[in-house]
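Based on the sequences and whatever the hints tell you, model everything.
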Amino acid sequence: MSAVKKSTSVSKTLVVGLGATGLSVARHLRRSGLDARFVDTRDQPPGMQDLDRIWPGAAVELGKVSLPGDVDRVVVSPGIADDHPLLRKARQAKLEVVSDIELFAREAQAPFVAITGSNGKSTVTTLLYHMCRADNRNVLAGGNLGEPALDLLARETPDLYVLELSSFQLQRTRSLPAAVAVLLNVAADHLDWHADEREYRRSKYRVYREAKAAVINRADPVAAEHARDIDKLISFGLDEPEARQYGIRREDGIDYLARGETLLLATSEVAMVGLHNRANALAALAAGELLQLDMSAMLQVLNEFPGLPHRMQFVARKGAVDFINDSKATNVAAAIASIQSVEGMLVLIAGGEGKGCDYAELAAALENKLRAAVLIGKDAEAIADALDTVMPVYFARDMQDAVSRAAAFAEADDTVLLAPACASFDQFENFAARGDAFRRAVEALAR
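Mapped onto our numbering, the consecutive letters of the sequence shown carry residue numbers 1 to 447.
It is worth saying that the hints were derived from the structure and are not from the lab. None of the values given here were measured: they were computed from a predicted structure. Some hints here could point you the wrong way.
Stated by the list, open to error - So the derived label-pair ranges between C-beta atoms look like this:
1) L275 x E61: 14 to 24 Å
2) Q49 x R202: 12 to 22 Å
3) D398 x E261: 44 to 54 Å
4) D52 x E107: 24 to 34 Å
5) A320 x D398: 24 to 34 Å
6) G79 x Q49: 14 to 24 Å
As the list claims (entries may be wrong) - In silico lysine-lysine, DSS-like type, Cα no more than 30 Å apart, as pairs:
7) K89 x K64
8) K355 x K378
9) K64 x K355
10) K94 x K64
11) K12 x K89
12) K378 x K318
13) K369 x K89
14) K12 x K64
15) K12 x K94
16) K378 x K64
17) K318 x K369
18) K212 x K232
Just so you know, even glycine gets a beta-carbon here, dropped at the ideal spot from N, CA and C.
Okay, here's the thing in structure tokens:
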């Protein structure tokens, strides 16, 4: 592969992790004419064959990795926790330790929107992307969702980039001059990766630090404090909005998305399901206004976009029971949002690999709504302990067993809701595989 430019500022980069992000870093460094080494703690990482094509003869160390003596920068994939011994050694050696997003921010030749939050960031990233396209903007989207950010730089420069960013990426990003920064919400998550909840929250609020404009959630006063020095600021929330802010207004018994006193769209006309998706829609509208998008184009997207797979996705109605797949609810806050979006009684399927979260709040959200809970996976017992005083709890061997049991417990007009409140990796490759397993099990049920 031919180099397009040569830089003398960095002699050699160590790339840690050969997943999608690490491979995108490899492509970027190769295009830039920079030298690199690669390490992965796995003995057989799935990206090796791709790396051979990207960088024939690359220096690679697998398994028990060490810090080479000839590197002066470390670019780390999101899955590698900050307390990894290799990263500790790199910091002790005064090496720069950064994310792929740091490299992106240094190289991007077009403005970008940075979107983060504990829940909803993929939906809002996708909404804003479609809103930009509906207003005839040349836009590219990626980051933590879909195409890695550095791969976007290999394409023709657009009018705008829209990036979904994780707390892992933000924590290792020094400079992030976003045209618009959006923080949707912050709830305890990824406490198995971050040192504590304080560190996790700090990484999320970091999105505002160099932003030129920002969207804040009115329910989070700390967000407003972190964004206080930003001149262009719009808030959103599920309450009634003040002038030039976004929220919900009720008129003649109908709820509307609203900007100040202006009614925009009846919530019943928003294609996405769920109360939390109303908040996502409002956040996208606020970001779109800061980008000067046409309001009618944005509202048309909200009227048509059904939501992303595995996020409050209607699967089927069988035996007068609705089956909803929210496999992406991988933490307690997301599961609570799912539960609150269901009208009537529900049978909950939950469980998986916990991330250090407290399930007590899950129990509180289920009061007077839960018909029964069917639990799977590694944290099933911990969830059962929290739900002990709420309603009957049952354990299932796998997803097929869980769906069969849930269908048996459900009564007419109930909802069987998959909202795991946990990661999927103890039983599935990812949340999508878990959601697909749920869908197949539902489809296999007798009508």
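Going down the list of hints, with the structure as the test:
no. : hint                    : verdict
1   : L275 x E61: 14 to 24 Å  : violated (48 Å)
2   : Q49 x R202: 12 to 22 Å  : violated (38 Å)
3   : D398 x E261: 44 to 54 Å : holds (52 Å)
4   : D52 x E107: 24 to 34 Å  : holds (25 Å)
5   : A320 x D398: 24 to 34 Å : holds (26 Å)
6   : G79 x Q49: 14 to 24 Å   : holds (19 Å)
7   : K89 x K64               : holds (14 Å)
8   : K355 x K378             : holds (11 Å)
9   : K64 x K355              : holds (25 Å)
10  : K94 x K64               : holds (22 Å)
11  : K12 x K89               : holds (17 Å)
12  : K378 x K318             : holds (29 Å)
13  : K369 x K89              : violated (50 Å)
14  : K12 x K64               : holds (21 Å)
15  : K12 x K94               : holds (15 Å)
16  : K378 x K64              : holds (27 Å)
17  : K318 x K369             : holds (20 Å)
18  : K212 x K232             : holds (7 Å)
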